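In order, the protein sequences belong to chains A and B. The first sequence begins at 3 in the numbering used here and counts up one residue at a time. The second sequence begins at 3 in the numbering used here and counts up one residue at a time.
One or more hints might be untrue.
Which copy is meant is left open, because identical chains are indistinguishable; a pair holds if it fits in one copy or across any two.
[Claimed, not checked] As a list, the in silico DSS-like pairs of lysine-lysine whose alpha-carbon atoms are at most 30 Å apart:
no.	residue 1	residue 2
1	Lys166	Lys440
2	Lys379	Lys393
3	Lys440	Lys393
4	Lys185	Lys123
5	Lys166	Lys153
6	Lys421	Lys123
7	Lys393	Lys185
Simulated from the structure, these hints should not be mistaken for laboratory data. Predicted model, so just to flag it, every value in this text is computed and none were measured.
This is what each chain is made of:
Protein chains: 2
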Amino acid sequence: MSHLNETHDPALQSWVASANVADNGFPIQNLPFGVFRPAGANDGFRPGVAIGDSVLDLAALARLQPWSGKAATALDACQSDTLNGLMALDPAHWSALRLELSRALRAGSAQQTRLEPLLHKLSGVELTLPARIGDYTDFYISVHHATAVGKQFRPDNPLLPNYKWVPIGYHGRASSIGVSGQKFPRPVGQTRPSTEGGQPNFGPCQRLDYELELGIFVGRGNAQGDRITIGQAESHVFGLCILNDWSARDLQAWEYQPLGPFLAKNFASTISPWVVTLEALAPFRVPFQRDAADPQPLPYLSSPENQASGAFDIQLQVLLSTEQSRAQGAAPAPLSSSNFKDAYWNVAQLITHHTVNGCNLQPGDLLGTGTLSGPGKGQEGSLLEINGGGKHPVRLPWGEERNFLEDHDEVILRAACRKDGYPTISLGESAGMVLPAKA
Amino acid sequence: MSHLNETHDPALQSWVASANVADNGFPIQNLPFGVFRPAGANDGFRPGVAIGDSVLDLAALARLQPWSGKAATALDACQSDTLNGLMALDPAHWSALRLELSRALRAGSAQQTRLEPLLHKLSGVELTLPARIGDYTDFYISVHHATAVGKQFRPDNPLLPNYKWVPIGYHGRASSIGVSGQKFPRPVGQTRPSTEGGQPNFGPCQRLDYELELGIFVGRGNAQGDRITIGQAESHVFGLCILNDWSARDLQAWEYQPLGPFLAKNFASTISPWVVTLEALAPFRVPFQRDAADPQPLPYLSSPENQASGAFDIQLQVLLSTEQSRAQGAAPAPLSSSNFKDAYWNVAQLITHHTVNGCNLQPGDLLGTGTLSGPGKGQEGSLLEINGGGKHPVRLPWGEERNFLEDHDEVILRAACRKDGYPTISLGESAGMVLPAKA
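Chain A extracted, bound-state conformation:
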């Protein structure tokens, strides 16, 4: 998985001209998978692969039976309204499909005339969840986020004793996950009593926040009772997307003891519609770093290969637009930016830890990384961190201030891999909007 091949050649160009425009994000070296249908049509959803400003209909391509072997098996699995069937295969199949797609979309390919009718402009399609998500697990892998949040509760001892040993995670809600464009009413619920021992308050959330995360789509599953070793873990990962794990901080503060967040999280979660495969991310692998003062992972969470290249250099960014900014025609304001490589645990470690007790993962399951904050100022993955617990509102360029999100605010998360001499590999974006609470 970590090896480069002809699909990663930075010189490759596509006959889809928009894919060759610098920094377009969906060059022929990317080839992310999603599920779409022509907007306004009554047609069913079907898998596609993004290329430049377009998406190639994989279900229609499968009906043409263009290829043989593993690529054909993988393509056949795309005759569906989800990617679960493709995800259930293995890296050899995913890789064979990627290679054929790369060759077919390459400038000069003899397959151009056959594929052109199967392209749809992205501006004219509706995107939906890439997979039927059976279970959603959220982790907590940024030590910078855990420390910043912990400081608000325990200034002298922000990190709990388990943090540096256990990839802390918990189960989330699958039913309320939507794709970019999701809008949801402000959640309502109980919050702390105003006086100790009094009756709790009840009403719309007053401390609504976003969380900047990545999502990991599980590929092949494991049988219940079987573990996935660290060496095998990445072969069970189909790819990554962006995830906004919206959080109602005031609901959470009142409800979360002793069993963890519940209504504070499960009203909505917004992912980007495109899943970028680990193979597409291979050029952006980096060594897995630990501070010298930190313990080495326990043996089940460690391998030389994981140490050498288990992390990914993915740049993350949060932007905010408001009703006022949109009325003024102002561009969304960047709030912060961070990088996935600064996380305390990596993708393979999450898969291995999740299954060490025999828990079975299934194709299409989603793992969230948890809020990906960086070590410095300007790298906070949530408003709670930017505002220091509600004390220092952020000033927006058009004159407004925000401690927490207000109605009609839109949060836009972006993620992309960039380096000199290689086309930008974008994970697209997750945009979501808060609507007023329902009466």
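We have chain A; now place chain B onto it with these hints.
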């Protein structure tokens, strides 16, 4: 839903003779739903309704098109390998189907000759999950359990301040839920370091426990953003089953701060294969009780009807068999018994609380009640409570002792409704066995 009708007449008898045997549990007044197939056959799974020692094949019955109207629509939804389609309908449909089934299975019914070929002996069928469970949520509604467990951590202040206001819940793992007969290897994982600040221990769980719970199968769902009011809540409930939420106490103690239980719970959960509808349970409704010293529920969790009849009198029992007891031919040992009516929150309140923030429930979702311990000795819903945190092992009749579960132990949970002058309404049983940890 709370009204009795002709299907509840205690004098009703079935032409399936075994259904009329006293205390058989599946009399014609019960009619629980499940999913089965003839054992050893390559046939597909299909819905069925249990009657005495048999199950009636509802998919085959649907093909005969015996009825019209809502009963026919409900029966048509049983042409599937899950009950999700039936669950997605509403109480009027479920009730119409129940009425037709009651009439058709009644002694003297003209439909006997048509239905007899569609009966299979329970001893000759394989049962599977009644529904495709999209999301699984576990609650914590026994104040007696919460107090007993809290005392082990905080002797002077066992209940947290939110407990008496918030139906505490968290998300569980859907993929690892199985039906009675489930066997799973002992989970492996990290536990607390032996010395403070040291390296965690790693290995097979040493404090494996069961949790005696009921499961609530969601019927109709709600759209994301919409709340289900307390008055509407029960119309979204299809029925109840038994649930064993196996727990690895030592894994839990190390991992659960700050986001709740994760690997301590998600390796396996075992439900009974039969779902007993709320309509079948109607004769066992009881008033919802609160101690005078306890606060009344917030308005969104309260209604006169819920106060009057929102709880259910369901008797629960835990039994244990071991490798040694089975070798000796000894009967499983009863460990404890309790009653669902002693819970601090009730079914409708859980549905309403779960959706108050706009979280969407879907047909086939499962809600666990949390461990249903009673107020007295002998009513503990887990070994952790019986043994006082591992200090007082339970003595078994055949001479063994148990603090926590050992390999090859089988835990059997049973639940049934009993009262004078009415046939026993059984929820069946959940039996599950611990296998040795995998290397």
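Structure-based check of all given hints:
| no. | hint | in the structure |
| --- | --- | --- |
| 1 | Lys166 <-> Lys440 | between (41 Å within a copy, 26 Å between copies) |
| 2 | Lys379 <-> Lys393 | within (16 Å within a copy, 49 Å between copies) |
| 3 | Lys440 <-> Lys393 | within (28 Å within a copy, 51 Å between copies) |
| 4 | Lys185 <-> Lys123 | within (24 Å within a copy, 51 Å between copies) |
| 5 | Lys166 <-> Lys153 | both (16 Å within a copy, 28 Å between copies) |
| 6 | Lys421 <-> Lys123 | within (27 Å within a copy, 67 Å between copies) |
| 7 | Lys393 <-> Lys185 | within (27 Å within a copy, 52 Å between copies) |
When the structure is compared with the earlier hints, no violation turns up for any of them.
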